[in-house]
Amino acid sequence: MSPGNPTPTMRLAILQFPASNCDQDCVHAVRAMGARARMVWHKETSLGDVDAVIVPGGFSYGDALRCGAIARFSPVMQAVIRFAEAGGLVLGICNGFQILCEAGLLPGALIRNRDLRFHCEQVFLKTANFDTPFTSGIARDGAPLRIPIAHGEGCYFADAPTLERLEAGRQILWQYCDATGAVTEAANPNGSVRNIAGIANERFNVAGLMPHPDRAVEGLLGSEDGRAILSGMIASLESRQKAAA
Amino acid sequence: MKAKLVITPKKAVLDPQGKTVANALEHMGYAGVAGVRMGKYIEIDLAPGTKAAEAEQALNEAARRFLSNPVIEDYRLEIVE
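First to last, the sequence lines map onto chains A and B. Here the first sequence stands for residues 1 to 245, numbered as in this note's numbering. Here the second sequence stands for residues 1 to 81, numbered as in this note's numbering.
The reader is advised that the hints may include incorrect statements.
[What the hints assert, rightly or not] Beta-carbon label-pair distances, calculated as ranges:
#1 36(A) x 74(B): 40 to 46 Å
#2 73(A) x 81(B): 27 to 33 Å
#3 87(A) x 4(B): 50 to 56 Å
#4 121(A) x 74(B): 32 to 38 Å
#5 74(B) x 73(A): 18 to 24 Å
#6 24(B) x 161(A): 33 to 39 Å
#7 36(A) x 81(B): 56 to 62 Å
#8 38(B) x 62(A): 17 to 23 Å
#9 54(B) x 62(A): 29 to 35 Å
#10 121(A) x 4(B): 39 to 45 Å
#11 178(A) x 70(B): 22 to 28 Å
#12 29(B) x 38(A): 58 to 64 Å
#13 41(A) x 65(B): 19 to 25 Å
[What the hints assert, rightly or not] The list that follows gives simulated cross-link-like pairs (lysine-lysine, DSBU-like), each with its CA atoms no further than 35 Å apart:
#14 19(B) x 40(B)
#15 242(A) x 43(A)
#16 43(A) x 40(B)
#17 43(A) x 51(B)
#18 10(B) x 43(A)
#19 4(B) x 43(A)
#20 2(B) x 43(A)
By construction, these hints were calculated from the structure, which means they are not laboratory data. C-beta: ideal position from N, C-alpha, C; glycine also.
Sequences and hints are given; from them, build the entire structure.
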């Protein structure tokens with residue numbers, strides 16, 4: 001139901017693992033952005049004909065061993081790895097971010113929150129790079145995004161050389177900040193290095209973030225700021241396709 | 001035959017659980033604790049007739065690919081009778 005896009009053309013695959021719990025949220029969010037969403041079960045070996053993939057949040061395989069460690073070896077993830085290597089857009093949200101890191105599609109890892117507590121709250125995000133398919137829909141001069149988090153293991157870690165590469169390559173997309181946009185220690189909910197909330201790969205076709213844009217597409221639920229991320233991603237798919245046509 | 005795998009967080013990685021346990025030990029009066037690292041212990045039963053050298057090679061690979069995450073963890077593998 002998007003007035004700006006009456007004939008949805010972009011097709012997004014939403015992965016579904018045992019104990020995914022944001023798969024339906026992502027389907028709702030994608031459809032609210034005027035695109036098509038299709039759920040793809042973890043045992044599928046092919047994604048079918050899709051334009052992008054969202055790896056949703058949850059607790060895939062009960063978080064056994066490490067968050068995302070089992071999901072990374074699922075049949076559907078082998079298809080996602082091929083899709084990403086071919087340049088396809090892949091967004092991982094929360095557990096999806098953890099899975100993409102475990103799969104080696106994104107650098108670093110997500111570990112236990114530094115206060116050992118599960119955080120379920122609204123946070124503010126500063127966008128550090130607007131020139132990516134995942135951030136191009138965000139207003140450059142706007143206020144920080146207000147988007148909820150819900151995780152126990154969202155503390156982003158990468159070693160110093162990796163962090164330098166992320167900085168130099170402008171791969172840090174979002175940082176936890178306060179309401180004024182200042183990136184402070186107090187605004188860091190989980191102990192992530194450099195307040196990192198989300199990153200992209202070197203080619204900017206794979207991104208992951210701990211906050212949930214999928215849970216921030218309806219004003220009634222507290223925030224619509226997730227729309228800027230998701231609709232921007234879909235718009236960039238559309239312009240990609242126009243450029244290719 | 002068994003394989004014993006001990007997985008610990010790397011030195012550079014934050015280990016809030018270990019820190020909390022170290023603090024508790026100190027509060028309980030156990031002197032001399034300089035630090036605690038909390039990890040995982042995985043015990044794998046090996047099928048009869050498995051060759052130790054082959055098991056070691058295969059499990060080293062599994063430890064690097066799957067059982068540990070080299071970005072954040074170190075591991076120690078031991079094959080015992």
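For a quick check of understanding: which of the numbered hints are violated here, in increasing order? 3, 11
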